[in-house]
Each structure stands twice: as C-alpha cells, then as structure tokens.
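Asks: With the sequences and hints as input, model every part of the structure.
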Amino acid sequence: MTSIVSYRKAYDAHTTYTIATPDSQDDNLRCTELCTLDGTTYVAVPDGVTLPEQPQEIADSVQTVTLTPELREAICTTSPHVALINTRVRAAIAERYSMSDEIKLIRTAPSPEFDAYNAYVEDCRAWGRAQRAALGL
Amino acid sequence: MKAVIQANVFNQNGAVSVAPNASIAIRDPDSGALIQLYEDRDGNGNPGNPFLADSRGFFRVYADPGTYHVYVTTVAGTQTYLDVPFLNNTLTSLSDVDPSGLRDGDAFVYDSATSKFIPRRLTASLNDIGAPGNQGFGVGICPDDYATAGFSALVGADDPASANYGNYQYTDGSIMCWIPAFYYRIGHASNPTYSTYGVNSIDVRPLSAFLNLAQANAEGYALHRAFYDGGAAQQGFFIDKYQCSNNGGVASSIKDGNPLSSNAAHNPFSELDGAPTNNYSGAFAAAKTRGAAFFPAMRYMHAALALLATAHAQAATSAYCAWYDADGVTNFPKGCNNNALGDTNDAEVTYTSDGYDNAGKTGSGVPFAKTTHNGQACGVADLNGNMWEISPGLTCVAADKAITGATQTNPVALTVAGHGLATGALVHVTGVGGMTQINERIYTVTVVDPDTVTLDGCDGTAFTAYTSGGTLTSGTFYALNTSASAADLTGSNALATDAFGPTGVAAHSAAIVPAFRTDYSNNTFARRYGNGAAQVLSGAVSGDDWMRASLGLPAAAVSSAGTNLFGQDHFYQYIRNELCPLAGGNRGDGLDAGVWALGLSSRRGSSSGNVGLRSACYLG
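Read top to bottom, the protein sequences are chains A and B. In my numbering, each residue's number is its place in the first sequence (first place is 1) plus 233. In my numbering, each residue's number is its place in the second sequence (first place is 1) plus 762.
To be clear, the hints were calculated from the coordinates, so they are not data collected in a lab. Computed from a predicted model, the values in this text were never measured in an experiment. Worth double-checking, as some hints may not be accurate.
FRET-style restraints, in silico, Cβ to Cβ [claimed, not checked]:
#1 Asn1284(B) - Leu262(A): 20 to 26 angstroms
#2 Gly1011(B) - Pro343(A): 47 to 53 angstroms
#3 Asp271(A) - Thr1166(B): 52 to 58 angstroms
Glycine included, C-beta positions come from ideal geometry on N, C-alpha and C.
Replies: Encoded structure:
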C-alpha cells in the first residue's frame, strides 16, 4: 500500500533541497510529489520502495504521514494528480453519456438503461478511487 | 510646442499605395496606452485616437515630443511602425519607406541613419545567435541554401519578434529550428554575468563577433562542438522544434503529435516506414525516415541547447523569457514532468495527454513559451521532460568481471581474477552480497596485483562482511570525433559506421574520461548537476575539457541535490557497454528532468515507452 511521506524543502543560495527517492525505471515504483501545503510537501511512496539516505538539510523533517480525513481532503484538493484523475473520470463518463442523457436517465429511473448507466459510472469512479489509492489517497 | 507627424499610409499587399480612410492608432511604447493628440502645433483640438486618414490616405496630427508606436489598420490588416520619433521642428512621415521587398505583416523600425522606415526583419543579422536575454536569442536566420536541402522559411523566420523566428519547415511538414553557430565563454571575469554567477557564468557570442577561431580562443571563447561535422566547421544546425511523432510513416517534428517511443507499448518506432527496431538503436533508422541527412539529435546538440538556455537564464528578464524567475530558483525551461501533465515547478504549465499514461502531445505545453529553450515561442520545445531523448555521440565499450572477495579494510580491496585494469581506472560495483555498502557506486581503483584492486577513498572497516557475488564493470568512454559525419552513423554495433561497439568507435571516435564523482559516499549513480558554487562546466577552448563541456559532462561538480542554476537536473553516472545516452527526462521525472538531464545507464538494445527521439541535420 502506498504511503504518504511529508517533509519541508530547504533552501540556500544555490540549491533547493528536496526529498531523495530511489532511481527506478519501473513506473510503478515512482515516488510522486503530490503537493505542498503550508510549506510541507507531501510525497506518495509506493509499496516496496525504501527511501535512500536524505540530504541533511531536510532529513529531520522527513516523516511518514497518518492521513486524517481533513489532510486527505486538503491534498486531494491541491494535488494536480488528483485533479487529473477526476478530470479523466468525468471525461470517461461524458464520453458515453451527455449531460442531457444523464438528466433523462435520472428522471426516468428506475429503468434498465439507468442501471446500465449507474454501473458504468460506478466503474469509472472505481477506476478513479484505484488511481487515488495508488497515490496513497 | 507640439511635434508633428504626417503620412500617406499604405496597404498590406506589399506595394506602397494610398490607404483611404485607414484607422490610425498611436500608442505609448511602454504602456501601450493611446496618447493624447492635437490638431495643431499649439496643442489645440482633439482629432481623437484612433482617428481616420482622409480619402487620400493622408493624415497629420500633433503630439508631445517623444517616441511612439503607430498602428495603421485597413481592411487588409494592421501595419505596425515601431518607435516612431515625434520631434520638435521635424516632420516625420511614415511614407519614408523603402518599398522594395516589402512583405505582408512587416513591422517597421525607424532608421535614423537614413531617416526612413525599414522592415524590422531586415535589421536582424543572418546566422546570429543573438545576445543572451534578448529577443530571438537561441535561434537565428539560416544563411545557407536551405531551399535546396528541402526547407522553406516560415513567415516571420527572419523577424526576431516573430513566433517563427529561426523556424523552417522540411518537406514532410517538420518544423525545425536553426541554431546558428556560436562561441561561448564560461567563468571568465569579463563575462557580463560574472558578478552574479562567477565561475558558472556563461556568455554567448555570434560567429560574427570574432574574425576567426583563434581570436575567439584568445579572448577565452570556444566554438561549441555542435558546430563541427564531417571535419568542417558548420554554420549551424537544424534541430526539431518538437519531439518526433509518426507522420504517416515518417518521424516528423509536428506540434500536437503523439511522441514516438522505442517500445511497442507507446507509438513505437516499428510503425514507421521500414519498421525500425523498437530499441534505442532504432532511433537512427527512425530519423532516416525523413531523409538521409537526418539523425537523432546528438549529445553535443542537446548540451548546446542547454548551454543556451542557461546563458539566457543568467541574462534574461521577463521581457524575453517566459520561464524567467528573478529569484533564480526555477530559472530554466519548464516541461511535462510532474506525472500529471504539468511541471513540478510551475503550476501554470499544462499539457494535453497523448493517451499513454501521462505523456503529453508534442509541443502541447501551455503557455508554450515556458516550454522552450529560450522562453520564446520561436524556441525548441519540450527539452525538460515528457520523453527521454536518445542522444548519441558519446558511448562506452565496457566489460564485466566477477568479484569474489572484498575486505573490511581501508581502502576496500576487491578480488577480481584477471581484472586487467590500470591504476586510476573508473569502475562501478553492483550486486555484492554482504558488503552492500559498496554497491551501485563509481570508484577509481589502484591496482595491487593482477587479481586485486583497491577502491580509492573507500574505508570498509565499518562495512558488513562480504558474503558472495558482485560485478565489477569497467570501460572506456568515446566521444565522436569532429571529423565524423553524424548523418553517416548507423545504429548497430558491428560496422565502422555503427555508433556503438569497438569497430565503430575505432573508426569515428576518441577515448575520453568523464569526470565522475568517485569519492565515497558521493559516488552513487544518481547525481545532479551542480555542487554549491563550484564550477560545473569547464571553460577550456580546446582539448578533452572542451569536449567534456560540449557533451554536457560536468567537471566533477555534481552532488545529490544539485543546484538551481542547472535545474537540479539528473546526472546519472554509470559505466555501460554500448552506452546510449539519454537526454531531458520523462513525464514523471520531476526535478530530475531538465535541459541538462543526462542518463548514462542505457544501452543500445534498451527499449522504453518513455524514450523517444528528436532529429537534427547539418546543411554543410
């Protein structure tokens, strides 16, 4: 299960110190910087990934996060990755059902067409949830 | 006393003629605001602004003395006159235009020497890389016979203010940027940016700045390696504005294409004409689908573009550099690198998905100018992320040897039967059991005997004991000679023309030693460009140091964190047989991606959906 790690970036005259992540050619093992909230940066670390030694400038601030509902919501609201997932869920639904289709199906429910629509929407949402879960959210 | 301007204005059709009832607007050049106009020299009356020319296309108005922009609009469009002087006791006329060679869309500037207006594009010099920080810097007007080679100039290709400045189109529709040959000088006390950037200051000058190479060298300027090919100095090179996509079987540089990759999973090379192999070596055949003159953009070309970007960053203001950051923290080109179709350093930048994970369509970044090497629409796009680009011109012939022992001593001694190394050789170590602290690092070695070497500076007294296994890899790096022709290279490993393998390098390359970081514990593979204030690139004007700098190989100044000046770009030091360097990073590499990013861990036969190509060619 993907975990969320937080840290605070550090700065000097030459460098912005950021979290060190393992080098991997495997896209499934890629660590993803989700967002920065109030100066704290949140990073998704996939299951099986061990973070290497961290730059001393940030090492003390690196910690694994226990997500509260409020923090999860804040990250989901800010992260471009979650925004992209949400956009894709909406696009997948819109690809099959127009807004007027949806209104009509809801208005005429229950119906077999509504059940099919509902199942498809749930599939799309489940995909979105799986994508967010892959980011630890 | 007010100044006067009068004119018969002319149409957009290129011929001087009267434009009856044209609408005239006169604006402040800085604010763009319409200025106050008067009907006489004493400041009486108000003709309005904009106002109309009469039925003969004539107008006369008065204003406070100054320099203004004049916009003349007819049904055919708007003609622009920049920095028109309104001077006391001087009658300025827009009619003073040399009518020869006018083109639709010309903007005019006032030439005080002749007291006439001339098309702004005629003030741009041929083959001029420009001045860092200025409009049009980093591309230029091709001086050679590009038409014979199959290119045509886009409208505005000769106007530094145009989005098409220095942009040309090949017969397949590919848009390519002309990069004029340039001299550069690194870390010189006379560099304009030396006071801020010191030993990492970069100055760039056009070929015309010096009588010859000797004079340039004498002043500390080097001609970049990218401007040698086939044994001759080149006027410049064409490089794809966009990463290559499949254009009906041709690997073309087209905006909003789906980027090619070296893997079957993602717009593969194999779907091009001739079905190039889906691995890195296939990039050579892929580039040739456009024509025999084309080849994958070489390592030194990527490094030249990176050098231009950094020089521009050091001298720029926001005026001519969309990605400029006055704080110097993110003062480099942006791209598709945050694994969410955006840039990890700039939330404003967005890309359009190409349908494969979070890769972007070629050149789809918005704002586009933030994604080019010079921060202007005329520049080369997507050098920071999206897809790694195959970047040949540097390779390695390497061999593995089995490690059978390692001592807990200072320094660590490795048992490697028949290692065949010389003291000072670079090696890397992987797969050692027990003493894992020595794995995945680069070392220099000292030879003890034919079967034993020590790892310089590596104190193993506190390491865990060796248990089994391990591989010692050593090799010789080779840089393509200036006498070689990039277009002649092929992608395999057996022929004299092949970019890889001992036969090829013997024919066209010379050994070079990269200045890898070998001091324990700073000797891991994954490094970043820059180390505090230390000098990253050599300022040498010739020799191996010059070649290393031209290849973008740092002079040992790399670190785990890198520096903002070099974008904290990834430098992956490695010793790999049949090395095929990669440039730029991919869609999810975050800070690691960038114009300097260089991966040395991939080989000719590697394949990845994250690795594609950009093509280039010379005209000489």
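Asks: State, for the Cβ atoms of Asp271(A) and Thr1166(B), whether the hinted interval 52 to 58 angstroms holds or is violated.
Replies: With Cβ atoms ~54 angstroms apart, the hint holds.
Asks: Could you see if the CB distance from Gly1011(B) to Pro343(A) stays within 47 to 53 angstroms?
Replies: Roughly 52 angstroms apart at Cβ, these two residues keep to the hinted range, so it holds.
Asks: Okay, Asn1284(B) versus Leu262(A) on CB: inside 20 to 26 angstroms?
Replies: With Cβ atoms ~24 angstroms apart, the hint holds.
When held up to the earlier numbered hints, the structure conflicts with none and fits them all.
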